[in-house]
Structure formats: structure tokens, C-alpha cells
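Quick mapping for you: the protein sequence lines, in order, are chains A and B. Residue numbers are given in the UniProt record's numbering: position 144 of the first sequence equals residue 144, and the series is strictly consecutive. Residue numbers are given in the UniProt record's numbering: position 504 of the second sequence equals residue 504, and the series is strictly consecutive.
The set of hints was computed from the structure by calculation and includes no laboratory data. Watch out, some of these pointers could steer you wrong.
[As the list claims (entries may be wrong)] Part of the chain B face toward chain A, derived, beta carbon under 10 angstroms: (1) E462; (2) E464; (3) E538; (4) A549; (5) R611.
[Stated by the list, open to error] Below, a sample of chain A positions facing chain B; criterion: calculated Cβ distance under 7 angstroms: (6) T40; (7) Y41; (8) D42; (9) E46; (10) M202; (11) A249; (12) I475; (13) Y543.
[Said to hold, decoys possible] Beyond 10 angstroms from chain A on every Cβ pair, some chain B residues (computed): (14) A15; (15) N36; (16) D58; (17) R85; (18) A127; (19) P221; (20) G313; (21) E392; (22) I395; (23) P470; (24) G474; (25) D523.
Backbone N, C-alpha and C define an ideal beta-carbon position, used for all residues, glycine too.
Number of protein chains: 2
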Amino acid sequence: MPLPKSIATVCLSGALPDKLEAAALVGFQGVEIFENDLLTYDGSPEEVGRMCRDLGLDVAIYQPFRDFEAMPEPQRRRNLDRAERKFDTMQALGTDLILVCSNTQPATLPEPERAAADLREMAERAAQRGLRVGYEALAWGKQVSLWRQAWDIVRLADHPALGLILDSFHSLSRGDDLAGLDRVPAEKLFFLQLADAPKLSMDVLSWSRHFRLFPGQGELPVAGFLRDILRAGYRGPVSLEIFNDEFRAAPVRRIARDALRSLILLDDAVRAEAPPETVPAQPLPAAPMLSGLEFVEFAVDEAAREQLGGFLGTLGFRRAGQHRSKAVELLRQGGVNLVLNSEPDSAAAERFEMFGPAVCAMALRVDDPARALARAQSLLSPAWQERVGEGEQRIPAIRAPDGTLIYLVQSGSDIWADDFHLLPGAAPAVPPLAGIDHVVQALAPGHLDGFVLFYRAVFGLEPEPVFELPDPFGIVRSRTLASPERSLRLPLNVSESRQTGTGRFVSAYAGAGVHHIAFAAPDAAALVAAAPDAPMLEIPENYYDDLAARFGLPDEELAALQVGHLLYDRDAQGGSFVHAYTHAFQDRFFFEVVERRGGYDQYGAPNAAVRMAAQARRQKK
Amino acid sequence: MPLPKSIATVCLSGALPDKLEAAALVGFQGVEIFENDLLTYDGSPEEVGRMCRDLGLDVAIYQPFRDFEAMPEPQRRRNLDRAERKFDTMQALGTDLILVCSNTQPATLPEPERAAADLREMAERAAQRGLRVGYEALAWGKQVSLWRQAWDIVRLADHPALGLILDSFHSLSRGDDLAGLDRVPAEKLFFLQLADAPKLSMDVLSWSRHFRLFPGQGELPVAGFLRDILRAGYRGPVSLEIFNDEFRAAPVRRIARDALRSLILLDDAVRAEAPPETVPAQPLPAAPMLSGLEFVEFAVDEAAREQLGGFLGTLGFRRAGQHRSKAVELLRQGGVNLVLNSEPDSAAAERFEMFGPAVCAMALRVDDPARALARAQSLLSPAWQERVGEGEQRIPAIRAPDGTLIYLVQSGSDIWADDFHLLPGAAPAVPPLAGIDHVVQALAPGHLDGFVLFYRAVFGLEPEPVFELPDPFGIVRSRTLASPERSLRLPLNVSESRQTGTGRFVSAYAGAGVHHIAFAAPDAAALVAAAPDAPMLEIPENYYDDLAARFGLPDEELAALQVGHLLYDRDAQGGSFVHAYTHAFQDRFFFEVVERRGGYDQYGAPNAAVRMAAQARRQKK
């Protein structure tokens, strides 16, 4: 049996009923009622408690109760009166536990004995009503900021209705750990809050209030933290408390689903070492072994199909197949398959209706499609079924958070012969492509963390650090997810600037998924040279002057780069990257040809500003 | 003679020509060409140099040259080759100065002698072409991060073509100052960059790259820094180098004007103590002495005038005058004048056309309107003239950054009798208002810093720290500007969440200026009680339960608050604040009644979430 999963209402957007409904809908068993959500709501605590019970939600805790302990009189007495009022509220809500976080007031006395006496008094009053008090160290508490300090006070107070509350953010943000927790009696561990966060060098209060993330989205060792507390005997709910400005502004159900997905993944991450009674009976199906992209599919209409076919033809793509029953065409160049779908009444047609020509699906090669699908379903990504004709293949699929279909294709299988009339290939004039190197998606602001969690959880992709790319009109933030063996690379871009220039360019695709596709070429210069009609993006001469200065490239190599509008990058280990971009197709998406040499593992980020400025110039024209 | 004013192209949005044109248009004399702006531009350095000269701009410097000094071979030799290439670029651009910033590479040797030797070699090569090299300490340089370290190396190198470059951000962000700069010979001070910033606890690189501000917008002592360097004998350009994500995403001319405004204000701030030859011959006209708002004017049509008149009537406002020649009406309640303007073909009509009913003007009482106008004009805010009828008053006016008119009215004068038929006032049923306590404006994201600089510069208002107000769907950031004697208080709100709920509510006004007006009432409870028809915003009962717990208010006081839908706050000194809100008028703006007791100087921020949740509930209905 996994521990009950709970979420604090402060994580979610909207009014209190919206939050509760979303939490229940996705499958949480409990909630923390965040005080401000109650105060601003125009229903009584009794009504809120009833609403929770009707939704099948346990009110796990009421929180926070601030700035209570170790205050001088008359504040001390007033705080105890305040506690009594909150006990009334708890009883009306139907919860028996309140969270007291360590005092942040400058006036707090540096006397653990006073703090213990106050908490003991509060716990005694709580116990008279059958209630309990949990004490938590805030990372920025005035006298108490580490869990061991909080535990010393709880031990000193020595009251059965007083226990310890732990929060992964407060400990891990301070670089603290749970060593020594095994000496705390399990019955004194009253509650557990979990939060992840990116590693940021900023004051811990702002970091905590604005940038927390769900476990798996950030960089804190949350799984290890959970494992330690389970080993120490904790058996209560596992609850998320995430303060994040973007989450608070996002649709509530999407965030609630991300939240639960993060806990399901965490359950699995700790199962090997956690006590068996705390984890689900069945492990998650293992993440798929990936071997690249079998195809990428575009939603088009008849006209766009012709135009995109012509555009790709300049890079050597040829018509290689026609679907037996649908208006679906296969283009192929070397190891790259692109599908153009103009079938009416399909998911593709819907996509085209909304966004114009756009990528509507990607097919991943996986070692076991059924297992991959089962894992996705366990992680709250339901299966999706496209209409198929008689005798046609039924390829399992799920939807990415933006609605893009992700097909799960058996590695090594031939998916084409059954459904397509395949056409004999003419020898191409352009050297063959090796495959798809990476697919870049443009996300609307506020979507990055959800995408990261989705790909990390469902496919076991590993997120790389965030890059910031300056463009002529703002900043693009980029984070790449890649499979361990690098057969799948998915950079995700978010533009902070919505209204102008490249920001608009990026955000035009936001929600429409893919923004550009990079093809792997064994020799990028040779490919571009053999494709004289390919509409390559012009790169200014100044760029090559600087390249010469930076890398001391031989003149002939520099000239070859310049004539092909090729960009160049080099890593610290001497690996290098040669790449060129096409113009955008109908201002919607574009293609890149890339060549990796000597183990280069990046994406040419130093050249992004050059690319974006060139694109902005073209848009202006 | 003030020092020449320059700006780095990186401060501004767009392609290089857009940046240069904007800088020239607002009146800068020089520019720093930021390398990346040149590299991504598709014109040659010669063309860029010509463009600058045609615009009357001096190319003050080419920058930055990174990671140069104290590297082991073969990087050392390569860096010198790189420098030669950049000298070519400088000569093509037509500038004689390059900025070398201190090396950030882990491989940099910790040997000042090596750094000095390398810089000496570079300077010698530069000198052969008539060029110069300036060395600057980056705050995050590997071996050199303080200006004194950079100066030690420059002194050691001892070459006439090598000098020191100072940047206020790099020094002040480290808490450093310019003590000892008087021992640096003036001819060794090659260039000066100025930047302000908010005080943020985060790593200095991110802080510098994203959050710099123009002087006067932030919290660093930039004026003192400038004063010290002028006293040390610096006589070169004063140049702005501001990395700010919002500025990079904003219209380029607006930001260029803000930039120059900041330097004009800075010139004036240092004049008293700086050498006379470095400051303008004429001081800026002094900031006006303010004594509150004479009126606020709304753009309406006939229908909205009737409705708004009725809405305000419930708070005791009565029709007090009719304009002699225009469709303009005066409403009055105690010390508050509100003007409803439905005149066709006026600035108000334009405003109404764009935003519906909206505040279109505010009239400030100033000690000397002519001087206030002259100051505004000196600070790049031109005078604005509304059409007036014969014999009517001509009130000087300027426009706020969002186009709102700001009239400058002589304190103590009667502006009404000439232009209005005044109507006899009936004794009002509602106790009289004392005046306008504050006017809150909702800004579009990215506009806050520009507004702060405008009000600070033109009217001498003082910015208070930024508040963050959580609302049900995101975060509202709020910063208040107030006159020293508090007769004018202007909170500015920016919503980070654009698309949902209160975010939409706030951003609906963005650009339309005023979002709510708070009236000062000697007794807020009495006023609300005497205005039973006023459409006051309902506050949930839970709020009062919490108030009781937090402040221990007597039951009768609590009951009085609750019956009047009044909110309550108390400051650390025991001052308190009682306030209530009306519903929004046509979902556009609303009014507040506020009572300050015992020197309370805030705006009830802890209650903002309660207000916003209540508004969101109403919008949903």
C-alpha cells in the first residue's frame, strides 16, 4: 500500500472549490487547507469540510499557524487565544492536525525552553479537543531553521499531542539532510511535505515562495529525503506544498495532474529501498528503451501538402509511399521519414484547423510498445486511438501535454508495408540523411515544467540544465530532454517575450508543438552544397569574421562554412558542431541540418542569437 | 558642459539599425557597439560606422572582448590573434576603444604579472593602429573581480594605450566603492558605464544579466558613484549598459527615452558636488511641491456618464458643475472632485474609444505649474495642450507614459469658476470625504520601471519597495510612489498572469491607467453606514474570524467592520487602516473608502488577496 497522497490547496489555481474538485478528480486522497484559501472563500469552514468529504478528500491538515512560539507577553497570551480560534476552525473543517511553522518575528526569544513551553501549552489545549499540533522548522525561521532544532523543542515539550513536521524544501534548500532522524520515534513524525526546486542562488524566502517545483521537475534530492523518512518509520500522508507563480496562474486540472504524476513517479523511485508496506504492490512498468524517431507527422491540407513536399524536396526528400485508405503521404530522405497527413475528420485535420500546417505526431521507436503504453497510463497519460481502416496497423499512442500524438512503434519493425503503397525510390541527388538528430518544441510560458515531468516520467528522458538564449526582442529559455543513449533529443523552448519579434515567432507555435526539426547529416557542408535549391537562412559575414577570431579556423574551412550558410560551434573537449537552417515554411516551422563531430553533445546555443536575428530580418521583409 | 551621454546597444530591443536610430532620436551623443549586435547584423562594420556618423552618434567603444588575459599557451597566442581581428573591426566601425572584461575562464592563471604582460602586449599592438584598450573588472571574474585589482594590473602593465574602465554595477553589486580612486591618474580612466539594479539576493551573474535597471529605477547608490569618478578627474562619456529582459522586449524608443531621462536626472543629482565643468550650466527646475489631487477625470459617453454618476451618487457625490462650452460635468463629494468628460473629438473621446469608461486625466496641485512644466520638458516629457474655448483656462499638462493626461494646477487657486457653471450644493446625506487618498494604476507587464522613473524624475515622488500580492490566479507586483508629505500616493500594480481571472481583470486596465481610486474618509464605518445603496464588495465571514484571531479586536468593533464589509490592517507601530471597496463599475474600475488611524502609512496589502478573491467571485457570477 502506498502512503496516501495529499496536496496543499496553495499549489493550485482558482477559488477553493475549484482546487478541491481538481485534486479529487485526478485522484488525490487528501488536501492541506491553506489558511489564506479559506479566509478568502465565502463559505464557512463547515461547508468546506463537507465539500471535502463529498469529494472523498481527507482534510489532512490546516496550515500554517505562524509566529507563535517564544514571544514575550502580551503577545504570548494573545497567540494562545489565536490558537483557540483556529482550533474552532479545524473542528469545523474536520481535521485534527495544525501546522505551526517556526517563528520569523524579530521579537522571538532565543530560548528553546520558552518555545517548548508555549508549544506544550498549545498542544495541551489541542488535546482537550482531540486535536494535534505539528511543529515545522522554516528555513528562514528566526531562532529555529533546521529540523533538528525543531525536534529538540518538540522533545523538550514532551506532549503526546505535539509532533514534528518535515518539509523537503526547508531541509534540502539549506543543504541539510535527515541523518539522525532514525532516533526520532516514528509516532512523533506527524506529517510530511514534499517540494522540489531548481538550484538557484537567491535568498531562500523568495526561492521558496515563487520557484518551488513538483518532485522530479527540479534538482533537489527529494527521493532520498522520502526514503529516509520512510525508513525512520513515517506512515502518514505524503503531501505536496508547492509555491510556484506559474502553477498558480495555470489551469488547475493540468497542474493537479502534474502534481499526482510527480508522486506516482516518486513512489516508484523509492520502492527499491523503502519499507515494502509504503510502496505500491506493483512497480511501474520500466521506462522504454528508445531508438530514435520512426517518423514525424505533419497536419496539412492539400495545398500545404504540395508546398511542404516541394520545400522538403530541395533537401532530397522524395515521395516514398501513399497510405492505402487515407490522404496520408510518406516522404523519405535516407533515414528520415516524414508523414504528411491531409485526411479530413482526423486528429491531424483538427490540428490543421487550429494551427495551420504543424507537426501533429511523433513516432518513437521503443523496445516494447505495450509496456511503454502501460507505463504512460500508470502515469496518468491515457491511451489514444486514431481511427484505422480494416487490416491496418493499430499503433499504440498517447498525447503529449500539448496534444501532440506520440506513437509507440516497435523498434526494428516495419510499420509501412501494411498500410502504405510504397513507391520505388529514385537515387537521390542529395547525400542521404542519417536520421533525426533532435526535435525542438516551442512552449507557451508556464508549460516548461509540466513538459519536463511528462517526458521524464513517461519516457525516462533526462533533463539538462536550462539555457538562456538572447534574441533580438527578448530571452528564450531552453531546456533539453534526452534519452540516455541520445537517440531522442527534445529541446524545449519558452519565449518570455510574447508580443514582439522572435517572441511572437516562437509563441506562434506555442501549443502547436514542434518549431523545428534537425536532421543528422554525416557531412553537413556536402549536403548543403548538393542541395542548391534548398532555402537556407542567410548568415551575416560579421559572424564569420568573429568565428575566425574565436576559433582560428583555417581560411578554406571558414570559406566552406560561409558559402553554405553554415554555423559552427566547438565544445571544451574539442568536439564540434556544424549546422545550417532553412527559412521557415509559411512562417510556421523550419528545418536544420546538423553534423556532430568528436562527441559534441550540445545544440550550438552560442549561434542561436545569430539564427534568431536572421529570422527576424526575414520576417520583417 | 555635461559629459557626453552614451548607451550600449545591448540595452535596446530590435536589430542594430533600430537601436541606433532610437538612441539618436531621443538625443544620445554616443553608443557602445555590443559585439553580439554586430555579429548578428547583416551589414558590414563599415556600414554600421557610417550609419552611426549619419545619425550623429559617436561610436564610443566596441565591447566586450572576453576571456583574454593570463591564459596558458596556446590560448594566449590565439587570444592575441583574436584581438588583431577585433582591431580590424574597430577601425571599420570608427572607434578607437575596446573593452576587455576580466577573464572568467577556470584556466586563467592567478598571476597578475601574466595578466599585465598580456594586456601590455595587446595595448602595444592597439597603439600601433592608434587604438586603445580599456580593462574592466567583472564582478564574477575568475581572478579579477574588483576595480582595484584591475587597476593594479593596468598600473603594472604601464602602457599609455591601456587604461581602466569602471562599471557601477560591478562595483556596487559587490558592495565595493570608489575609495582610493583619487590616486588613479585621470588620464588612466578610459570609460565609465552606469547601471542601477534592485537589491536582490541572488548570484551576481544572473542579477547582472537580467535585472539591471537605469539609474534611478533601482536601489544602488549610482549618483554617489558618478560623483566619485568625476571628482577623480574622469571627463569621458557617461554610458549606460543595462541588461534587462523586459527592456529588451519593449518598444525601443520608449526604453531609449527612459534611458536618457535617467541620465538627465543623474546629471542633476550630482551637480551640487561634482566639478562644475561636468554638469549642465542650468540645473533642472526643482521638483514641484505637491498638495494632492485637484480632480480625476473620466472619459465617458452619455450613457456611461449617467451610469457612473448614479454609481458615485450612492457614495454621496453630487453634480456640482457643468462646463460652459463642453460636455463635461463636475461631481463633488467633500474634498473630492471628479470630472466626467463626454465631449466628442477630445482626448477623452479617444480614450473612451480605446478602453471604454476610463480615467483619462489627473490634476495635481503644484506650487508652480510653469516650473513643474519646465522640469517635465527638461526630462523629455513634452507639454500637451487640450483644445480650449475662448476665455477658458489653459491648464498646463503633460502625458504619463501610458497617455494619461497630468494637469498641473496651481495649489490654492480656483480653477472651476471660470470654466464651469457651478451648481448650489444640497447638504449631502453621506458624511463628506476628506480627499483622494491614493490612485492605483494597473500597468501592462514590463511598464513598471518606466513609470517609476517618470514619476520619480518629473514629480520627485519616492518609490517604496515592491510588494507581492498573491491573487487566486497568480501574483500581482505592486510598487507605490508617494510624495514626501504623502499628499500624492500612486500605487502601481502589474499582474504577472495575463490570461486568467484577476490577471485578466488587472490587465484589462493595463494601458487604460487607473484601476481604482481610494477616497479618504474621516470615519469609514460611518460613511459606509450612511451610504446603504453603495454597492460594496462582500467580504467572507472567514475573514472576520481570522481578524478576531489575529488582532483580538473587541466583538463590537469586529461586528461593525463586518456589517460594513470593511477590511482592517494594523502596522507594527499600532497605526491602523479601515477600508472597504465598491464593486467594479462595468468591470472597469472601482472605488475604495479608506480611513488611516495613528499614522498608518501602508495600503492594507495583507487584505489584497481577500479583495481579489471577492472580485474574482463576482466576475464569475
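Consistency of the hints with the structure:
At about 24 angstroms, the closest approach between the beta carbon of E462/B and any beta carbon in chain A exceeds 10 angstroms, and the interface hint on this residue is violated. Hint status for E464/B: violated, given a least beta-carbon distance of 18 angstroms to chain A, over 10 angstroms. About 7 angstroms separates the beta-carbon of E538/B from the nearest beta-carbon of chain A, less than 10 angstroms, and the hint is met. A hinted interface residue such as A549/B counts as satisfied when its beta carbon comes closer than 10 angstroms to some beta carbon of chain A; here the least separation is about 4 angstroms, so the hint holds.
For R611/B, the shortest C-beta to C-beta distance to chain A is roughly 9 angstroms, which falls under 10 angstroms, so the interface hint holds. Hint on T40/A holds. Least Cβ distance to chain B is approximately 4 angstroms, under the 7 angstroms limit. Evaluation of the Y41/A hint against chain B yields a held restraint, the C-beta minimum of about 6 angstroms falling below 7 angstroms. With a least beta-carbon distance of about 4 angstroms to chain B, the hint placing D42/A at the interface is held under the 7 angstroms criterion.
Nearest Cβ of chain B to the Cβ of E46/A: about 11 angstroms, over the 7 angstroms cut. The hint is violated. Residue-level restraint check for M202/A holds (minimum Cβ-Cβ distance to chain B is 4 angstroms; threshold 7 angstroms). Hint status for A249/A relative to chain B: holds, with the closest Cβ pair at about 4 angstroms, below 7 angstroms. Because the beta carbon of I475/A sits about 5 angstroms from the nearest beta carbon in chain B, less than 7 angstroms, this interface hint is met.
Because the closest C-beta pair between Y543/A and chain B is about 5 angstroms apart, less than 7 angstroms, the hint holds. Taking the minimum C-beta to C-beta distance to chain A, about 6 angstroms, the non-interface status of A15/B is violated against the 10 angstroms cut. A beta-carbon of chain A comes within 10 angstroms of the beta-carbon of N36/B; the shortest separation is about 6 angstroms. Listed as outside the interface, D58/B is consistent with that label: its C-beta sits roughly 21 angstroms from the nearest C-beta of chain A, beyond the 10 angstroms cut-off.
Interface exclusion of R85/B from chain A breaks down, the closest Cβ pair being 4 angstroms apart, not more than 10 angstroms. With a closest Cβ-Cβ approach of about 20 angstroms to chain A, A127/B is found to remain outside the 10 angstroms limit, as its non-interface label requires. With a cut of 10 angstroms on Cβ distances, P221/B stays outside the contact zone with chain A, its closest approach being about 21 angstroms. Taking the minimum C-beta to C-beta distance to chain A, about 27 angstroms, the non-interface status of G313/B holds against the 10 angstroms cut.
The Cβ of E392/B lies farther than 10 angstroms from every Cβ of chain A, with a closest approach of about 40 angstroms, so its non-interface assignment holds. No beta-carbon of chain A is positioned within 10 angstroms of the beta-carbon of I395/B; the least distance is around 35 angstroms. Its beta-carbon lying about 7 angstroms from the closest one in chain A, P470/B breaks the requirement of being farther than 10 angstroms from that chain. Residue-level check failed: G474/B sits 4 angstroms from the nearest beta carbon of chain A, not beyond 10 angstroms.
Look at D523/B: its CB is around 26 angstroms from the nearest CB on chain A, clear of 10 angstroms, so calling it non-interface holds up.
Of the numbered hints stated above, those contradicted by the structure are hints 1, 2, 9, 14, 15, 17, 23 and 24, listed in ascending order.
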